[in-house]
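Add chain B to chain A, keeping to what the hints say.
Listed below, chain by chain, are the residues.
2 protein chains.
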Amino acid sequence: MSEIIKKPRVGIIGTGAIGGFYGLMLARAGYDVHFLLRSEFSAVSQNGLRVDSQVHGALSLESVQAYASADDMPACDWLLVGAKTTGNNGVAPAIIQAAAPNAKVLMLQNGLGVEDDLRAVLPDSLHLLGGLCFICVHRTGPGQIAHQAFGAVNIGYHSGPAAEGATRQNIVEEGAALFHTAGIESVAMDNLDRARWQKLVWNVPYNGLSVLLNASTTPLMADPDSRELIQGLMAEVVQGAEACGHTLPEGYAEQLFKVTGHMPDYRPSMHHDFVEHRPLELEAIYAKPLAAALAAGCDMPKIRALYHALAFIDRSRRGG
Amino acid sequence: MSEIIKKPRVGIIGTGAIGGFYGLMLARAGYDVHFLLRSEFSAVSQNGLRVDSQVHGALSLESVQAYASADDMPACDWLLVGAKTTGNNGVAPAIIQAAAPNAKVLMLQNGLGVEDDLRAVLPDSLHLLGGLCFICVHRTGPGQIAHQAFGAVNIGYHSGPAAEGATRQNIVEEGAALFHTAGIESVAMDNLDRARWQKLVWNVPYNGLSVLLNASTTPLMADPDSRELIQGLMAEVVQGAEACGHTLPEGYAEQLFKVTGHMPDYRPSMHHDFVEHRPLELEAIYAKPLAAALAAGCDMPKIRALYHALAFIDRSRRGG
Numbered sequence: 001m002s003e004i005i006k007k008p009r010v011g012i013i014g015t016g017a018i019g020g021f022y023g024l025m026l027a028r029a030g031y032d033v034h035f036l037l038r039s040e041f042s043a044v045s046q047n048g049l050r051v052d053s054q055v056h057g058a059l060s061l062e063s064v065q066a067y068a069s070a071d072d073m074p075a076c077d078w079l080l081v082g083a084k085t086t087g088n089n090g091v092a093p094a095i096i097q098a099a100a101p102n103a104k105v106l107m108l109q110n111g112l113g114v115e116d117d118l119r120a121v122l123p124d125s126l127h128l129l130g131g132l133c134f135i136c137v138h139r140t141g142p143g144q145i146a147h148q149a150f151g152a153v154n155i156g157y158h159s160g161p162a163a164e165g166a167t168r169q170n171i172v173e174e175g176a177a178l179f180h181t182a183g184i185e186s187v188a189m190d191n192l193d194r195a196r197w198q199k200l201v202w203n204v205p206y207n208g209l210s211v212l213l214n215a216s217t218t219p220l221m222a223d224p225d226s227r228e229l230i231q232g233l234m235a236e237v238v239q240g241a242e243a244c245g246h247t248l249p250e251g252y253a254e255q256l257f258k259v260t261g262h263m264p265d266y267r268p269s270m271h272h273d274f275v276e277h278r279p280l281e282l283e284a285i286y287a288k289p290l291a292a293a294l295a296a297g298c299d300m301p302k303i304r305a306l307y308h309a310l311a312f313i314d315r316s317r318r319g320g
Numbered sequence: 321m322s323e324i325i326k327k328p329r330v331g332i333i334g335t336g337a338i339g340g341f342y343g344l345m346l347a348r349a350g351y352d353v354h355f356l357l358r359s360e361f362s363a364v365s366q367n368g369l370r371v372d373s374q375v376h377g378a379l380s381l382e383s384v385q386a387y388a389s390a391d392d393m394p395a396c397d398w399l400l401v402g403a404k405t406t407g408n409n410g411v412a413p414a415i416i417q418a419a420a421p422n423a424k425v426l427m428l429q430n431g432l433g434v435e436d437d438l439r440a441v442l443p444d445s446l447h448l449l450g451g452l453c454f455i456c457v458h459r460t461g462p463g464q465i466a467h468q469a470f471g472a473v474n475i476g477y478h479s480g481p482a483a484e485g486a487t488r489q490n491i492v493e494e495g496a497a498l499f500h501t502a503g504i505e506s507v508a509m510d511n512l513d514r515a516r517w518q519k520l521v522w523n524v525p526y527n528g529l530s531v532l533l534n535a536s537t538t539p540l541m542a543d544p545d546s547r548e549l550i551q552g553l554m555a556e557v558v559q560g561a562e563a564c565g566h567t568l569p570e571g572y573a574e575q576l577f578k579v580t581g582h583m584p585d586y587r588p589s590m591h592h593d594f595v596e597h598r599p600l601e602l603e604a605i606y607a608k609p610l611a612a613a614l615a616a617g618c619d620m621p622k623i624r625a626l627y628h629a630l631a632f633i634d635r636s637r638r639g640g
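Going down the list, the protein sequences come from chains A and B. When the letters of the first sequence are read in order and numbered with our numbering, they come out as residues 1 to 320. When the letters of the second sequence are read in order and numbered with our numbering, they come out as residues 321 to 640.
Okay, chain A solo, but in the shape it has when bound (with noise of 0.2 angstroms):
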């Protein structure tokens, strides 16, 4: 007989589409997962979560064990914060109360530092990880969700009770086996800050010309001039990670701009967040990068005028 081993107990702390997505997968698999919502909490008590996804079919979660405060959800061994990081101010409070103690708390979210801040106000017990989702996958209405393609989560150490090494590497695979048991590809990574520049490679083009060219990826693929401008603002990703210490692999983003001009047409996370009203996630994926790399005397001049024009459009619709 096989022996009986205790499963830990997820919680996901913001349930959107990224959220959504891996604790319905997590679930599936058996976890004990629990979700927290906010606006969408009646609609899932009552109707669950669905994935419609174009790599694993027709998904649904019917009995969802959902929160609409953190005061209500048992202690969690892992928390998969799915929140936008312009609601992080936000989201420590919930943290904190739903965490077991040692819980591994994982930002699975885009952009440079998105850690730093948190960390200044969690406990000193608790683990604080980072997780890079490589995956197309957006919200279409309260609790169903669109994955179109991907979805490896590859996982750093931030911070926490673990000392260098061995803990720290212990502590990681152990979120990639939880990702691998739902059949989900993940890779633990050796410094998580490398690996935050190398997702800006994508990011900082793609997310904000989105919004401010209103294109998705096959027109912007498909335009010289926007071509040009895609591969000066990933040089200079690259400029920046080098000055930051991280030499990223040698034709990192010519690969990664030939990839995406081979992926089905899509639509950045930043802008379903503009056409859906939601603040722009400006500081992780602009503002702070920018910081950085200044502070190691590299400027990024196109990526600071698509900063303040980003920021202009965010500012206007916002007071508008």
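Just so you know, these hints were derived from the structure itself, not from any lab. Note that this is a predicted model, so its numbers are computed, not measured. The C-beta atom is built at its ideal place from N, Cα and C for all residues, glycine as well. Treat each hint with caution, since some may be false.
As the list claims (entries may be wrong) - The following label-pair restraints were derived from C-beta to C-beta distances:
#, chain 1, residue 1, chain 2, residue 2, range
1, A, Thr218, B, Asn511, 30 to 36 angstroms
2, B, Ala497, A, Arg317, 48 to 54 angstroms
3, B, Ser362, A, Gln54, 55 to 61 angstroms
4, A, His277, B, Gly461, 33 to 39 angstroms
5, B, Pro544, A, Ala163, 40 to 46 angstroms
What the hints assert, rightly or not - What the simulated footprint calls covered on chain B by chain A, stretch by stretch (three residues with Cβ under 8 angstroms from a Cβ of chain A suffice, anywhere in the stretch; the number is not a length):
#, region
6, 528 to 539
7, 545 to 554
8, 625 to 636
Unchecked claim - Take a look, some chain A residues computed to stay more than 12 angstroms from chain B by CB distance:
#, residue
9, Phe41
10, Asp71
11, Leu122
12, Pro142
13, Ala182
Same frame as chain A, but now just chain B:
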């Protein structure tokens, strides 16, 4: 008794806001002015030209010497070209047709190098000059023009039969006198290329951003991010001018930025072109300055990013 002084005959090539305004002012000052029109020929023939000016009041020219073809125009001593730079390929035959021997052709256009392409196809006997219009004016309907503020036309000699020095100076001063007679400020400039760079300090940020951010000067000057972007773009124009051998006056960009903040709300010409589905003047205002600066070893990365974004917008719109 006063001497009879033969006033020069003036032809207006392209009777939009600029051509219509200056042509009307010259006609009201007693010059014999002939207007070449395309789509608005019949409206202007029947109803005349009207300028609604916040400086001069309501002005009209009831009986307009209007032409649908340059073939029908009498030979003119001065030709004022008010057509958009995007139509410069088409205006050369009209200019040649309407020009008296040794006529002076004055390009009332923004941007860099707008005279160069035309020079190549003009007879050597024609004088070619550039005029920079410091004016807030736009077309509101067929033959109808709104004039918000300013009006000066600064003139420089580009090329032609006049030898260096005194002869050129005389011709430029003859042009300035033409405008003075009509109550319009006009200064002779000794270096047209330098003056065009100087004007780009305004046109590069405000024209492009008015389209990219869909905003007039007041909102652009009210937001901290657009302010920083405008100043960054201005600084690059000053660097580009410097690289091309034109040191602009100390503090010029700062002064222009400040003045714009105190101006009444204004939509630059490129925004009008955008709204009215005309091609954008990207070649003269962006591509040529970028190429000239790059050839002189100066990259202007924020301007390059802005240019690529605008070119994408211009092409998408015309394709759609």
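Tested hints:
| no. | hint | in the structure |
| --- | --- | --- |
| 1 | A/Thr218 - B/Asn511: 30 to 36 angstroms | 47 angstroms, violated |
| 2 | B/Ala497 - A/Arg317: 48 to 54 angstroms | 51 angstroms, holds |
| 3 | B/Ser362 - A/Gln54: 55 to 61 angstroms | 57 angstroms, holds |
| 4 | A/His277 - B/Gly461: 33 to 39 angstroms | 36 angstroms, holds |
| 5 | B/Pro544 - A/Ala163: 40 to 46 angstroms | 44 angstroms, holds |
| 6 | 528 to 539 | holds (count 5) |
| 7 | 545 to 554 | holds (count 6) |
| 8 | 625 to 636 | holds (count 10) |
| 9 | Phe41 | 35 angstroms, holds |
| 10 | Asp71 | 39 angstroms, holds |
| 11 | Leu122 | 31 angstroms, holds |
| 12 | Pro142 | 32 angstroms, holds |
| 13 | Ala182 | 40 angstroms, holds |
Of the hints listed earlier, the one the structure fails to meet is number 1.
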